[in-house]
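Please construct the entire structure, taking both the sequences and the accompanying hints into account.
Here the sequence shown is numbered in this note's numbering, starting from 1 and rising by one per residue.
Some hints could be false.
With a straight-line cut-off of 16 Å between C-alpha atoms, the simulated EDC-like cross-links for lysine to aspartate or glutamate are [stated by the list, open to error]:
hint: 1; residue 1: Lys-300; residue 2: Glu-312
hint: 2; residue 1: Lys-300; residue 2: Glu-73
hint: 3; residue 1: Lys-300; residue 2: Asp-530
Taking CB as the label site, the calculated pair distances span [stated by the list, open to error]:
hint: 4; residue 1: Met-325; residue 2: Thr-436; range: 51 to 61 Å
hint: 5; residue 1: Glu-517; residue 2: Gly-341; range: 37 to 47 Å
hint: 6; residue 1: Thr-311; residue 2: Asp-101; range: 45 to 55 Å
hint: 7; residue 1: Glu-470; residue 2: Gly-253; range: 27 to 37 Å
hint: 8; residue 1: Pro-546; residue 2: Asp-343; range: 52 to 62 Å
hint: 9; residue 1: Glu-473; residue 2: Ala-534; range: 45 to 55 Å
hint: 10; residue 1: Glu-68; residue 2: Gly-108; range: 13 to 23 Å
hint: 11; residue 1: Gly-258; residue 2: Glu-175; range: 35 to 45 Å
These are computed hints drawn from the structure, not numbers from a lab.
Since this is a predicted model, take the numbers as computed values, not measurements.
The beta-carbon is built from N, C-alpha and C at its ideal position, and this holds for glycine as well.
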Amino acid sequence: MTGIRLTAPAPGWAIDADVVVVGSGVAGLTTALRCAAAGLATVVVTKARLDDGSTRWAQGGIAAALGEGDTPEQHLDDTLVAGAGLCDETAVRTLVTEGPDAVRRLIGTGAHFDTTDTGAIALTREGGHHRRRIAHAGGDATGAEISRALVGAVRSAALRTIENALVLDLLTDAEGRTEGVTLHVMGEGQHDGVGAVHAPAVVLATGGMGQVFSATTNPPVSTGDGVALALRAGAEVSDLEFVQFHPTVLFLGADSEGQQPLVSEAVRGEGAHLVDASGTRFMLGQHELAELAPRDIVAKAITRQMHLQGTEHMYLDARHFGAAMWEQRFPTILAACRAHGIDPVTQPVPVAPAAHYASGGVRTDLRGRTTVPGLYACGEVACTGVHGANRLASNSLLEGLVFAERIAADIVAGPRADPGTASGRAPVVNPAGTHTVPLLTAESRTAIQRIMTRGAGVIRSAGSLATAAEELEALQRAAAAADEDGPKDAVPGVEAWEATNLLLVSRVLVAAAREREETRGCHWREDRPDRDDAAWRRHLVVRIAPDRQPFVSSTDSAAFPPVRPRDPADPTDTALSAGLRNHPADAPEEP
1 MTGIRLTAPA PGWAIDADVV VVGSGVAGLT TALRCAAAGL ATVVVTKARL
51 DDGSTRWAQG GIAAALGEGD TPEQHLDDTL VAGAGLCDET AVRTLVTEGP
101 DAVRRLIGTG AHFDTTDTGA IALTREGGHH RRRIAHAGGD ATGAEISRAL
151 VGAVRSAALR TIENALVLDL LTDAEGRTEG VTLHVMGEGQ HDGVGAVHAP
201 AVVLATGGMG QVFSATTNPP VSTGDGVALA LRAGAEVSDL EFVQFHPTVL
251 FLGADSEGQQ PLVSEAVRGE GAHLVDASGT RFMLGQHELA ELAPRDIVAK
301 AITRQMHLQG TEHMYLDARH FGAAMWEQRF PTILAACRAH GIDPVTQPVP
351 VAPAAHYASG GVRTDLRGRT TVPGLYACGE VACTGVHGAN RLASNSLLEG
401 LVFAERIAAD IVAGPRADPG TASGRAPVVN PAGTHTVPLL TAESRTAIQR
451 IMTRGAGVIR SAGSLATAAE ELEALQRAAA AADEDGPKDA VPGVEAWEAT
501 NLLLVSRVLV AAAREREETR GCHWREDRPD RDDAAWRRHL VVRIAPDRQP
551 FVSSTDSAAF PPVRPRDPAD PTDTALSAGL RNHPADAPEE P
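Structure below.
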């Protein structure tokens, strides 16, 4: 345990449960439904409304070997190629093997996917896939349909939910085992203000951290809260340097900030072309799949063309689709484009890369367990090893689905207290040695986003990352100084907590990106343009030391070593999981 917590009032209320699931996307709601079906008292905590997370924004679909002639082995091969040598093959095999049946169970829950004239699931292609294996719904509204079905199932099952609640920190017992979470409920409801959910199992399904950057496809709630909580709790995170920038995001202007409209990869899967202002297709000859190359390759190609031609965007040309296809297959994208004055039926669509997906996150084993006993992670907040250095298109919803079922099975199979009660161990709100993190002001959020966009965006270098690290540390020092001098400029509240979480995950991301001195997947170092398997075909694992500084270590290979939970009975146990070592740059030279 780090002994680090957010500055917050003591909980003024508490409820008991067997399991608390934080997040209401495909990962969180699937976990909650499976746990509740097994008789566990389950509470779902979500930051906004139940259907307000990242899942409902997913357009393209969910990948699984469902089509005739397709196999899990082919899906595995495409995933490994996209992951640029850093996928954990055992994790990928688990994903692609269990994926098809998991999708069928999702359909059984009530999700309706688009079908062909014969009634079979309609499948499309996306980048990196050699077969049509992307199931979609509502043309380009897959996430919204999955969210609708799961939220409906949660309502029908009468699961206890706490909406508009920002999770703060992990609660533990005197021996360091998970015993619930503290949270802050915003607005009206049964509970308000800071409270606690006491439970011996906590599942983080909080989504991504896209709001680290100025322009992102992520909703405003994606501020890295789950990763930050896990770091403060002493968990290991991995692969955080691999942030996927979606190649085709609707370009709204160089100064545009916040959530940007996504133009799904499925548009290219149906035959749209990437072109420059003169209409030249620049992906031809760059990859065998041209516009359907893996996302990191397409994003780099677009960025390279922008730099070469001195422009701020490229174009996606799908005028040859015709109005009927746009209206039937991509109604959501068509409406978004037209809302911004662009008609893709008659005009090429201006696009540029924007932050989209965190391939890394809280490190877990194949049952979703982290290095903190009783703490699980699932979905974008987790790092299972499935995505490697670059997520294969539409594997994200599948990962959330498959590993949610595995987490629920592990919790159900574990030791049980009496139904509807917590473990009986008393949570310790402020253990000895606990110290709070100085809070940032709400205005710091914009400063963090601009620092990260300049220094750790699509293109990085030693210089840009060093500058970003220095500027982030300056924000940390300023917050600490304000905390000591008082009166505090930043008072406890949602905006201050979110900004403080963003700063922590940004510092860890930059620390990992500075260590990885190569270009691999969606980590592009212009000063180290080559992939270096001999030195870097390994994962970087980061945890936070009690002094709040990131501590970086590495694995010995592309495979993750077993997750070794800390020994709760030994407060001095700060060793890394077995198979990890200090990064070579930090190790003494051998004689």
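Quick one: are Glu-68 and Gly-108 within 13 to 23 Å, going by C-beta?
-> 22 Å, holds
Please test the hint of 35 to 45 Å on the beta carbon pair from Gly-258 and Glu-175.
-> Distance hint for Gly-258, Glu-175 holds at roughly 43 Å.
Using the Cβ atoms, figure out if Glu-473 sits within 45 to 55 Å of Ala-534.
-> For Glu-473 and Ala-534 the Cβ distance comes to about 32 Å; the hint is violated.
Just tell me: holds or violated, for the beta carbon distance of Glu-517 and Gly-341 against 37 to 47 Å?
-> Because 43 Å falls inside the window, the suggested range holds.
Straight-line alpha-carbon gap Lys-300 to Glu-73, limit 16 Å = 28 Å, violated
Please test the hint of 45 to 55 Å on the beta carbon pair from Thr-311 and Asp-101.
-> Holds: the Cβ-Cβ distance is about 46 Å, inside 45 to 55 Å.
Look at the Cβ atoms of Glu-470 and Gly-253 and judge whether their distance stays inside 27 to 37 Å.
-> For Glu-470 and Gly-253 the Cβ distance comes to about 29 Å; the hint holds.
Assessment of proposed distance window 52 to 62 Å (beta carbons of Pro-546, Asp-343) = About 56 Å separates the Cβ atoms of Pro-546 and Asp-343, which means 52 to 62 Å holds.
Distance restraint hint 51 to 61 Å, applied to the beta-carbon atoms of Met-325 and Thr-436 = Because 55 Å falls inside the window, the suggested range holds.
Given the proposed pairing of Lys-300 with Glu-312, does the C-alpha separation stay at or below 16 Å?
-> 14 Å, holds
Holds or violated: Lys-300 to Asp-530, with C-alpha atoms at most 16 Å apart = 13 Å, holds
Hint compliance for this structure: hints 2, 9 are broken, all remaining hints hold.
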